[in-house]
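2 protein chains.
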Amino acid sequence: MQERIWTAALVVIGDEILSGRTQDRNVAQLASWLNVQGIRLAEVRVVPDVQAAIVEAVTTLRLRNDYCFTTGGIGPTHDDITVDAIAAALGVPVEIHPDARAMLEGYYASRGGLTEARLRMARAPQGAQLIPNRMSGAPGLQVGNLFILAGVPHIAAGMLDALTGTLEGGRPVLSRTIGCWVAESEIADLLADTERAYQGVSIGSYPFFREGRVGANFVVRATDPARLETCAAALSDGLAARGFEPVADGI
Amino acid sequence: MQERIWTAALVVIGDEILSGRTQDRNVAQLASWLNVQGIRLAEVRVVPDVQAAIVEAVTTLRLRNDYCFTTGGIGPTHDDITVDAIAAALGVPVEIHPDARAMLEGYYASRGGLTEARLRMARAPQGAQLIPNRMSGAPGLQVGNLFILAGVPHIAAGMLDALTGTLEGGRPVLSRTIGCWVAESEIADLLADTERAYQGVSIGSYPFFREGRVGANFVVRATDPARLETCAAALSDGLAARGFEPVADGI
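Heads up: the protein sequence lines correspond to chains A and B, in order. Count along the first sequence from 1, add 146, and you get the number used in this note's numbering. Count along the second sequence from 1, add 146, and you get the number used in this note's numbering.
Incorrect hints may appear among the rest.
What the hints assert, rightly or not - Footprint (simulated), chain B over chain A, 3 or more residues, beta carbon under 8 Å: (1) 164 to 175; (2) 193 to 202; (3) 252 to 261; (4) 304 to 318; (5) 338 to 349; (6) 380 to 386.
Said to hold, decoys possible - Residues from chain B that face chain A, not an exhaustive set, calculated with beta carbons under 7 Å: (7) G166; (8) P222; (9) T223; (10) P244; (11) R264.
Because the hints were derived from the structure by calculation, they are not lab data. Heads up, the beta-carbon is just placed ideally off N, CA and C, and yes, glycines get one too.
For reference, chain A alone in the conformation it holds in the complex (with noise of 0.2 Å):
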């Protein structure tokens, strides 16, 4: 019985991403959320605020994946340009929702009233529900397959908030994090062999270097609870056998 496994993209829309001035946070966020939602990040790209990038990298990550993210360039600011370029990849076009501009007239009544660059924050495609947002007046938008976020991490977060629950997937990924003193490369054998014994199963190896000290973790992921637990213990147990030393808070 082959299990179904769900999975989202993200398409990070940042100028200032790719210029190195901002640190993505985003990538780790929705891939912990989608963990708990049964769904798997399965691949992520970082576009510039161009429209033809923003529309190649939607159009190929929401055909073949279930789900498809983006976050940034939702502001009321000229180079915010995600709602014109995803209505383009869909062949919609933009229209003002009336419950997202009714949201804005309420946040802005006491902030100097709904100017036409805040309108701007009310654009949607054509179609697309509105997914709140508590932090500041604009919401996120779904169409489709397509969930339009924040790019600013913490109003992000209150988006997925919104949306936990929300969406299928199958069984979460599970994970055992086993941290130990040995060079990866003394028991790359160990790893290939065990990850093999147990299908349905994936061993990482993350090097590390501290307390002067060469040590690794292997993390060992699987959706089903008991055979993550049987690996975890045989990857455990052929390390002790060759007399490597397990890392005393665990990683």
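Following the hints, complete the assembly by docking chain B onto the known chain A.
Same frame as chain A, now just chain B:
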């Protein structure tokens, strides 16, 4: 006279980034380094440790950029498949690089010797040159316009250091950041008009919320220093003329 723009792409190879376990640092690090070389980071893809995904990304990105970098997947374990994937993308065989073998023999002479697993790190696509790595035994690789770097950020940094000044680029992109206590939606028209008035200059708008107040950083970017300063001054003057207060510490 159209200025020649040099571009690079990055393929981040790593299940650990897509699982949310590890926060990527290589995008920002590479972007900053490229800026100094006069090369723009034009696009980034994060792909899993799956050969077909790596081949697709590398094949697309190396053909439409002057340079294409990869990070991750060059260690000694079973999940390190970057060299094989890139060789497949280029249609060349994988060989043991004699200089890499010699380097690893030297490095492991006092560390238990060169085992079969460690020798994996001397594998290279046919025709590759080594990129020195002062931090550990395994070198990076260059083949054509592809640069294969380590995933561990400080090791990747050492490899970039070795490449500094060796890649042809254009004029670096310069930037000025203007911090202002203003909601970006209040001056969206000023930003758009100012950008339009200065060809070759781009203005990005990045809102923040701190000390209980709303503000934004406006990042002005250009390769021409005089044009950059003139445009930044015009924007500052425009903000002051409307009565908005600059952020005291600049940003």
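Structure-based check of all given hints:
1. 164 to 175: holds (count 11)
2. 193 to 202: Holds, because 4 residues of the stretch 193 to 202 of chain A bring their Cβ atoms closer than 8 Å to Cβ atoms of chain B.
3. 252 to 261: Per the Cβ count (3), the hint holds.
4. 304 to 318: violated (count 0)
5. 338 to 349: It holds: at least three residues are needed, and the stretch 338 to 349 of chain A offers 4 whose Cβ sits within less than 8 Å of chain B.
6. 380 to 386: Coverage by chain B is violated for the stretch 380 to 386 of chain A (0 residues, Cβ < 8 Å).
7. G166: holds, 3 Å
8. P222: Since chain A brings a Cβ to about 4 Å from P222/B, closer than 7 Å, the hint holds.
9. T223: holds, 4 Å
10. P244: Constraint on P244/B not satisfied, violated at 19 Å.
11. R264: With a closest approach of 5 Å, the R264/B hint holds.
Hint compliance for this structure: hints 4, 6, 10 are broken, all remaining hints hold.
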